[in-house]
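The chain contents come next:
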Amino acid sequence: MIRFEDVSVTYEGAAEPAVRGVGLDIPEGELCLVVGPSGVGKSTLLGAVSGLVPHFTGGLLRGRVTVAGRDTRTHRPRELADVVGTVGQDPLSHFVTDTVEDELAYGMESLGVPPETMRRRVEETLDLLGLTELRDRPTASLSGGQQQRVAIGSVLTVHPRVLVLDEPTSALDPGAAEEVLAVLQRLVHDLGTTVLMAEHRLERVVQYADQVVLMAAPGVPPVTGTPAEMMAVSPVHPPVVGLGRLAGWSPLPLSVRDARRRAGALRERLAACAPPPPAAAPDPEPLVRAQRLVVRRGRAEVLRGVDLTVRAGETVALMGRNGAGKSTLLSTLVGLHNPSGGTVETGGAVPHRTRPAELVRRVGLVPQEPRDLLYADTVTAECAAADGDAGAAPGTCRALVAGLLPGVPDDAHPRDLSEGQRLALALAVVLTARPPVLLLDEPTRGLDYAAKSRLVTQLRELAADGHAIVLATHDVELAAELAHRVVILADGEVVADGPATEVVVSSPAFAPQVAKILAPAPWLTVSQVAKALEPAS
Amino acid sequence: MTALPFPRRTPRTSGRADPTAARRTADAAAGLPGTAGAPAAPGRARAWWRAPQAGRANAVHAGAWWVWALGLATAASRTTNMLLLALVVAVAGYVVAARRTDAPWARSYGAFLRLGLAVLVIRLVFAVLLGSPIPGTHVVVTLPQVPLPHWAQGVRIGGRVTAEGLVFALRDGMKLATLLVCVGAANALANPARLLKSLPGALYEAGVAVVVAMTFAPHLVADVARLRAARRLRGREDRGVRALLQVGLPVLEGALERSVALAAAMDARGYGRTAAVPAGVRRATAALTLGGLLGVCAGTYALLSASGGRYGLPVLLIGLAAAMAGLRLGGRRSVRTRYRPDRWGARAWLVAGSGAAVAALMIAATGYDPAALDPPAFPLTAPTLPLWPAASLLLGLLPAFVAPAPAVGRAPAKEDVR
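These protein sequence lines map, in sequence, to chains L and C.
Using UniProt numbering, the letters of the first sequence map in sequence onto residues 1 to 537.
Using UniProt numbering, the letters of the second sequence map in sequence onto residues 1 to 418.
Honestly, the hints are just simulated from the structure, not real lab data.
Heads up, some of the hints might be wrong.
Said to hold, decoys possible - Quick list of in silico lysine to any residue cross-link-like pairs, SDA-like style, CA-CA up to 25 Å:
(1) LYS197(C) - ALA271(L)
(2) LYS197(C) - LEU111(L)
(3) LYS197(C) - VAL183(L)
(4) LYS197(C) - ALA274(L)
(5) LYS197(C) - LYS516(L)
(6) LYS531(L) - PRO115(L)
(7) LYS197(C) - THR132(L)
(8) LYS197(C) - ARG347(C)
(9) LYS197(C) - GLY312(C)
(10) LYS516(L) - VAL183(L)
(11) LYS531(L) - ALA274(L)
Claimed, not checked - Covered stretches of chain C (chain L as the covering partner; in silico rule of three or more C-beta atoms under 8 Å from a C-beta of chain L):
(12) 117 to 128
(13) 332 to 339
Said to hold, decoys possible - Covered stretches of chain C, going by a simulated chain L footprint (3 or more residues, C-beta under 8 Å):
(14) 198 to 212
(15) 286 to 299
Note that the structure is predicted; figures quoted are calculated from it, not measured.
Here a beta-carbon is modelled for each residue, glycine too, at the ideal position from N, C-alpha and C.
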């Protein structure tokens, strides 16, 4: 269905090709997953299927890409629109019209599908994706998961034979991600749609894949194989694979179910080891205190009577579905929203009554899109500005960047940095003012496993230094690695608040893979298991 | 073209979604005003004369709202009587209050009102500073006059400000403001995107560009808000002009990036696919469209100018017909179809008709009662409310009763927007 013949793509002005020597053959009705660290050209590979590379992005494509027999060299993206449906990373930038129903119909209108057929397909797609309630809603008012489903629906109505998805679940909470994946699986199984997708969160998708295309490093030709084969050699892999490699299982399990069947022996071995000690009791001094906090946006109450206390040295993970009020809670803690009830105190100040220049010394927030924090056009200028804003000695911020992530180029534009580098820069900018309280909103979105584990190390060090850290995240693995405590928000209320082990192990949605495999024993991460097994082996 | 072989989650009998039907029934049972008339709960007499609840299926055609609004605007343009102008604003405002939804485009009405007010104020300020050609005897205040060189004869800055001049400027400004309010009302009541759906196929691509541009404005506003919040996180003040200026560049950068991403998405979704059309048809299209537009221009000129009143109308009509034919032929190049275009039903006729009637009656009134519609500014007199023109304006209220009513007490469709 999709065939790459010795394809290489070189963008204008680039010395090296973005991808090189790609030879692929993806048959009809397969779910094919593109795997690799960031910056290896996954998006380029996906773009070449829909013809956007090189027709839209520019650059030079050597070799031949055919989709359903059509050569992308002679067919522009619009002429492939009836066979290939593409959904990019940001669903909002995909929307052309302003309401859900029109958005679903837009692609069919462009292709000239008869009105009766359009109507029928829109109704079917609304049902298929569970969007019936939202049909008249403006697209801008939807939550992240809803937007993603509408974006997928908007290309499904055309009945494309190939679906290309770039990070479809990264922005979604675990529940919404499973919904999207279930839909994709139904498409593959029932309609024979070919799905090609790239995703960093392998723990969510790898068990559904029929084929994995592994792009191990930039410039290295990709390798194709079954998921189990590829995961055995992949530099990026989900925790279940990590555990399987550790325990020496072969073939590697890809799903929690497979792993549980094999884990009997491992569980017995671990029963002898002491379970990981509960996190050390942190300093009793509370740095963040919110009591019966109520925040309204317009007429909607986004937070209702939320209590939250965070102590110095403690890391708290805020979890909950999209739209549960996590971001609003973080914003309120830095004074971006005025509470309409209750009290809030961060780092000893009432945030919404404190001048910004003073508040940055007490609390720092890295927003969901770290780029929003960055204005200057080079890293050096950005750091100088941060020193100026915080009143720190010149060079403070640059030193922090170097400490967090060596090798960030001085003269690069912040926009051109990789996701991990940009996050490190934003984190350094925030830390320049030495706030004792650090808030991060969805920090692992778009990060590969290497960047994520660096972030984990950095945040652990900061917590050990006595910072109070609050992260809002959908990434259960990150929460399991880092958090002392997990707070689950639902509909603006706190529904669970307790030590990470207890909250996470007892919840099917928020449990990390290792906990699911080794339940009921309270193991959360591969590194904990590895550490416990070390003295024994 | 096969159907997706999935069971529907909710059984459905009509085009509308079930939850809405359920809500309708619930609302009707609760006795909420404006919601009855839809299928009512059993055992309840249904009030057939009440407007049904608005939904996509029964939405009044966007064109009908524009005809109505332009009718009111035409009526407003025929008079300088302040009472009549105020009545036009009141009529438009009442209909908007009664029938607008809480969709994003409906919120623009307030902006149009403020714009109208600004126009009024600017007109008054100019009248005070630059004087007025209207002779007047009631001097309100005398400003110091700026001496100007002789070549600037006829221009005056400062000097006498007369009550007559002020009243004249006020009437003039009010007329402009009323026109703006009428346009704002149409904009609030009809989804502009739907109006563009009714354009002929040849204009479709231009229409999409306009729609995209319109959805960009709210995105820009959201970006500015987000980046101002981010300034606060950097420890800078988020208020004031300077803050706004400093986020300007990142906002524009973001908008540019988004438009590039959107262009890619649109291309990948088939925007701009064209059908092969024979060369003869293409040439005929070009000739008809160009010729038609020329005819329209010439005809309009002739109609407006004093001399060529006789052949103006025929030329205009012929030009219009040619242009329409050209557009129709041009539509053959576009393969696109339309999803659920608004239907022009009985309610749309009533809405459009009420606007047209207001305009027609007002134009007729200029014939039998010109003095009341255009009272002289000099000498100063209090305006009177002429009975028949005022009554005819009230016809414009009809849409507030016949157009489908928006749902009552619907929660704002705003969530934790990311």
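What hints, given by number in increasing order, does this structure fail? Result: hints 1, 3, 4, 5, 6, 9, 12 and 15 break, sorted rising.
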